[in-house]
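Peer 1: Sequence:
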Amino acid sequence: WDVYNARTERPKVFVDVPTAPPVPHASKGLPVAEGDRPDWLIKEDALVVDTRDPPGSGGILIIQAVLSDARADWGKSSGMRPHWLRAILTTNRAHARRHGHAMILRPQPSQPQLTRWQWRNCGMKHMEKCLKDNERENFNWEKHLMIKEYMLSPQNFTHILMLDADAAFVNREHDTLRQIASILEAKGKDMFLTDEDWLEHGQGRINGGLMFAKNTDFTKGLFQDTFDAHLAGSAMLKNWRIGVDEMECSSNEQICLNDLWQGKGKLWFEPHAMMASGLIYNRGAERGGEKHIDSPSVEVMHWMGGSKANAGIALCNGPRDFTGEGPNGYGCRLK
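Numbering (the working numbering), first residue to last: 1 to 335.
To be clear, the hints were calculated from the coordinates, so they are not data collected in a lab.
Check each hint, because a few of them may be wrong.
[Stated by the list, open to error] Ranges between beta-carbon positions, derived for each pair:
1. Arg178 to Pro271: 17 to 27 Å
2. Leu334 to Gly243: 28 to 38 Å
3. Thr19 to Lys266: 31 to 41 Å
4. Lys43 to His126: 39 to 49 Å
5. Gly306 to Val23: 22 to 32 Å
6. His201 to Gly306: 37 to 47 Å
[Claimed, not checked] Using 25 Å as the maximum straight-line C-alpha spacing, the simulated SDA-like pairs for lysine to any residue come out as follows:
7. Lys214 to Leu267
8. Lys189 to Gly59
9. Lys43 to Lys220
10. Lys125 to Glu137
11. Lys220 to Glu173
12. Lys335 to Asp73
13. Lys220 to Leu267
14. Lys291 to Asp228
15. Lys291 to Glu246
16. Lys291 to Gly263
17. Lys264 to Glu137
18. Lys214 to Thr158
19. Lys264 to Lys291
20. Lys214 to Lys291
21. Lys291 to Leu267
22. Lys129 to Asn310
23. Lys291 to Gly324
24. Lys187 to Glu137
C-beta atoms are modelled at their ideal positions from N, C-alpha and C, and glycine is treated no differently.
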């Protein structure tokens, strides 16, 4: 028996990565702004609010990806969005409106969702199963793609926040994002990340649910690099724009960020980045975290995993109405 003769022959031509059908009416049930759709929006992204002053250029952009997953956690095909999601989006809309920011949503994942290496790992068959198996990681990588795209926008946003759609601003009086921008300026940094120090044994580990980037040559290069590294997979992206020789990002994006912060990319990444306490800027709601929702020291509350279902109650029926729209508003009404 000859192992070399027994091997399956390497295909001479790889089948193209398939494209999944678009989600029908992807924005249905989301708090999309009325009026004409701005021409600076990319793909099928939707504007929620834009109160930048002066309008139309610069300022801070808040991005949240609301991608319909296989389990329908983020909404059903009928367009009904869960109470927790509506409460969070309404709270963030109120914050953006109050402090003069723009806020957009991405309801439709970019195509093709699968990378070439993922499709090969699936044996280049059973697209639906392959999509489902890689969905969580690819939806998280969509965040890096969005930052990359809007960094290059002719709107010339000064800063971009990527915030998971299960996280909300909970300190209404504070302009949290200009506060963070001032911290970056004072420290001479380009990238603001948060620690998982609210978790036991989590200190020192980046949580990818909040990424705030000043629009600079470094951050433009960074998010082009990280997404390209995701596409490259185990082949590893060579000669990163930010200076990394080569590095693999074939798992989830949070591991990639932590490898940049503490591992192979540290020499090039650390001088431009900072990590602040998640107890303040990205507080996990589980394990008693939610009881701090009205604390003056907490800026962002994050309902990860199974805690999501509690967000609507906390924001609408907690110590105050964080949505600002009352029990019959989009965020707080039960149906």
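Peer 1: Work down the list of hints and note, for each, if the structure agrees.
Peer 2: Results of checking the hints against the structure:
Between Arg178 and Pro271 the C-beta distance comes to about 24 Å, which sits within the given range of 17 to 27 Å. Distance hint check: the CB atoms of Leu334 and Gly243 are about 52 Å apart, inconsistent with the given range 28 to 38 Å. At about 37 Å, the beta-carbon gap between Thr19 and Lys266 stays in the expected band of 31 to 41 Å. At roughly 26 Å, the beta-carbon separation of Lys43 and His126 lies outside the given 39 to 49 Å, and the hint is violated.
Take Gly306 and Val23: their Cβ atoms lie about 24 Å apart, and the range 22 to 32 Å holds. Checked against the hint of 37 to 47 Å, the C-beta distance between His201 and Gly306 comes to roughly 19 Å, which is inconsistent with it. A hinted pair counts as satisfied when its Cα atoms are at most 25 Å apart, and Lys214 with Leu267 qualifies at roughly 20 Å. Between Lys189 and Gly59 the CA atoms are separated by roughly 18 Å; this keeps the pair inside 25 Å, and the hint holds.
A C-alpha spacing of about 19 Å is found between Lys43 and Lys220, which places the hinted pair at or below 25 Å, so the restraint holds. Distance check on the hinted pair: Lys125 and Glu137 sit about 19 Å apart at the alpha-carbon level, within 25 Å; holds. Of the pairs offered as hints, the one joining Lys220 and Glu173 is violated, with about 31 Å between alpha carbons and a cut-off of 25 Å exceeded. In summary, the hint linking Lys335 to Asp73 is supported, as the alpha carbons are separated by about 16 Å, within the 25 Å threshold.
Annotation: proposed proximity of Lys220 to Leu267 holds, straight-line Cα distance about 18 Å (limit 25 Å). Our distance criterion of 25 Å between C-alpha atoms is broken by Lys291 and Asp228, whose separation comes to about 40 Å. Restraint check for Lys291 and Glu246: not satisfied, since their Cα atoms lie roughly 43 Å apart, outside the 25 Å limit. Between Lys291 and Gly263 the CA atoms are separated by roughly 35 Å; this puts the pair beyond 25 Å, and the hint is violated.
Of the supplied pair hints, the one linking Lys264 and Glu137 holds, its CA atoms being roughly 21 Å apart against a limit of 25 Å. Taking the CA atoms of Lys214 and Thr158, the gap is near 6 Å; set against the 25 Å cutoff, the hint holds. For the given pair, Lys264 sits about 38 Å from Lys291 by alpha-carbon distance, which is inconsistent with the 25 Å threshold. Between the alpha carbons of Lys214 and Lys291 the distance comes to roughly 31 Å, so the proposed pair goes past 25 Å and is violated.
Between Lys291 and Leu267 the CA atoms are separated by roughly 39 Å; this puts the pair beyond 25 Å, and the hint is violated. For the hint pairing Lys129 with Asn310, the CA-to-CA distance comes to about 30 Å; that exceeds 25 Å, so the pair is violated. A threshold of 25 Å between alpha carbons decides the hint, and for Lys291 with Gly324 the separation of about 20 Å falls inside it, so the pair holds. For the hint linking Lys187 to Glu137, the alpha-carbon distance of about 32 Å lies beyond 25 Å, and the restraint is violated.
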